[in-house]
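If you're matching them up, the sequences are chains A and B in order.
Following numbering that gives the first Met the number 0, the numbering of the first sequence begins with 0 at its first residue and continues without gaps.
Following numbering that gives the first Met the number 0, the numbering of the second sequence begins with 0 at its first residue and continues without gaps.
Calculated directly from the structure, the hints in this document are not laboratory data.
Predicted model only: the values in this text are computed from it and were never measured.
We treat Cβ as the ideally placed atom computed from N, Cα and C, and that holds for glycine.
Treat each hint with caution, since some may be false.
Pair ranges (Cβ atoms, derived) [to be verified]:
#1 A:Asp134 x B:Val200: 34 to 40 Å
#2 A:Tyr71 x B:Thr36: 26 to 32 Å
#3 B:Leu236 x A:Ala60: 46 to 52 Å
#4 A:Leu161 x B:Gln213: 39 to 45 Å
#5 B:Glu161 x A:Val113: 42 to 48 Å
#6 B:Asp57 x A:Leu161: 52 to 58 Å
#7 B:Val200 x A:Ile67: 45 to 51 Å
#8 A:Gly21 x B:Leu226: 35 to 41 Å
#9 A:Ile67 x B:Thr36: 36 to 42 Å
#10 B:Gln203 x A:Leu53: 28 to 34 Å
#11 B:Leu27 x A:Leu161: 28 to 34 Å
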Amino acid sequence: MTLSKIKEVKEFEYPPKVTLTGVLKGLWQTSKLDLLFHSLMAILLITGLAIDLLGGFLGGALAPIRQILHGYLGAVFTIIYPFYLIKILVTRKTRMLMTGINYLDFLLYTVLIVTGVAVASANQIWVDTLPWLTDALSGLRQYAPAIHTVTTYVWLLVSTLLPGGFLHGIATAYLISIKGERD
Amino acid sequence: MEYAVLVDVTKCIGCRGCQVSCKRWNDLPGEKTSLQTDWTNPPTLSYDTYTHIQFKLDYNQSSDTTTWHFLNWRCMHCHNPACLDACPVDAIVKTSEGAVVIQTEKCIGCKYCISACPFGIPQWNAQLEKVSKCHMCFDRIHDGKEPACVQACPTDALEFGERTTIIQKAIQRKTKINGYIYGDVDNKPLGGTGFIYVADVPLQSLGLPDVSEQTSLDIPIMANSKLLLVPAVAGGLFYLAAWRKRRMEEE
Chain A
0 MTLSKIKEVK EFEYPPKVTL TGVLKGLWQT SKLDLLFHSL MAILLITGLA
50 IDLLGGFLGG ALAPIRQILH GYLGAVFTII YPFYLIKILV TRKTRMLMTG
100 INYLDFLLYT VLIVTGVAVA SANQIWVDTL PWLTDALSGL RQYAPAIHTV
150 TTYVWLLVST LLPGGFLHGI ATAYLISIKG ERD
Chain B
0 MEYAVLVDVT KCIGCRGCQV SCKRWNDLPG EKTSLQTDWT NPPTLSYDTY
50 THIQFKLDYN QSSDTTTWHF LNWRCMHCHN PACLDACPVD AIVKTSEGAV
100 VIQTEKCIGC KYCISACPFG IPQWNAQLEK VSKCHMCFDR IHDGKEPACV
150 QACPTDALEF GERTTIIQKA IQRKTKINGY IYGDVDNKPL GGTGFIYVAD
200 VPLQSLGLPD VSEQTSLDIP IMANSKLLLV PAVAGGLFYL AAWRKRRMEE
250 E
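Construct all of the structure, not just a fragment, from the sequences and the given hints.
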């Protein structure tokens, strides 16, 4: 190899430019499960709050949001959640980063998932395909909506003040926005 | 004025006239069903079946006799409906006449009402992604008529009237037959129901559930859970402000 053939190395930007796309790309490269978990988490929270807070104003217009963005994506979240939880618990690095409040966060996510599934278990498809699931959750179904909604608000409060996952999310979004501005 | 319907189980002959008239008035399609061993047909309520007669065979071991009970079953039109509290888009309303009505165009199909109703009344349609149930013929009541099922009943097992009058009639009937009342007086599921049952056997033995006077959403923390957002937002802003200040000091 001659010197002339050496590729010119592009000058590195330091500190690297921080944008939301950059963070998402980085997350995609390092852990797709992380990206899926965090994205779905944000979508489910925003759509859930929209349904609960704006339902009285928007009414039936929220139907596709409830069905697709909160319902179907909620089902995807339910499927990936155990894998994410296992990944968090078996990886030493992530375990070291976890605080007690983060464990509380995960407990509340579990409550949200169980109650969400309890509500969805009234769907005919579940009654037909997994009748045992419908039976198992039938006792919980009456209280599931109330628990689901209240748990969300309790999580928002706990997770912000103590602080936990929600503040982590807000702080990250804030950090990205001010870093992007400064760069 | 709030209205109610007295359901006298001892007078019902199981003719299913109420089922048919409900279908006709609401223009609901018939459904293909199969004959069940207990003769209840259609076996359950559905999106297109707001009311049906449940056939209950009661066996008395001591006298070795069997007795039929026919139970008119549909929405109870509770005074304090759990479905109404649970609906996040206010698609369910309680009219001044006492009818609990689902406004289908507002329904987003979240099924919260299905979960919340202790009687298992609201019915889901997977194709339409909507929920329906009996609406007590609120349109007929508004025009000074009685609900279609009541009008069709040939034995006056269903009686429509002003709520206080209906409760008085229920008490009189209970005394006369030495029976039981469900929906008011003896018990008040969800604050009392719009359909009040009288029977010669405890209604719980015919499958009516024991329901408390309050819904889970009546607990103040549940009804006002949105208020938790205020300290959460305030706390979040405080954290961000403190963090920003620290960063600026460091810089």
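We went through each hint and held it up to the structure:
Judged by the Cβ atoms, the range 34 to 40 Å given for Asp134 (chain A) and Val200 (chain B) is violated: they are separated by roughly 28 Å. Taken as a hint, the range 26 to 32 Å is violated for the pair Tyr71 (chain A) and Thr36 (chain B), whose Cβ atoms sit roughly 38 Å apart. The hint said 46 to 52 Å for the Cβ distance between Leu236 (chain B) and Ala60 (chain A), and at roughly 30 Å that hint is violated. For the hinted restraint 39 to 45 Å between Leu161 (chain A) and Gln213 (chain B), the CB-CB distance of approximately 31 Å leaves it violated.
For the hinted restraint 42 to 48 Å between Glu161 (chain B) and Val113 (chain A), the CB-CB distance of approximately 45 Å keeps it satisfied. Look at Asp57 (chain B) against Leu161 (chain A): about 57 Å separates their beta carbons, and that is inside 52 to 58 Å. At about 48 Å, the beta-carbon gap between Val200 (chain B) and Ile67 (chain A) stays in the expected band of 45 to 51 Å. Separation of Gly21 (chain A) from Leu226 (chain B) is about 38 Å and conforms to the stated range, judged on CB atoms against 35 to 41 Å.
Judged by the Cβ atoms, the range 36 to 42 Å given for Ile67 (chain A) and Thr36 (chain B) holds: they are separated by roughly 41 Å. In this structure, Gln203 (chain B) and Leu53 (chain A) break the distance hint of 28 to 34 Å, their C-beta atoms being roughly 41 Å apart. Between Leu27 (chain B) and Leu161 (chain A) the beta carbons are some 52 Å apart, a value that contradicts the proposed interval 28 to 34 Å.
When each numbered hint is compared with the structure, violations occur for hints 1, 2, 3, 4, 10, 11.
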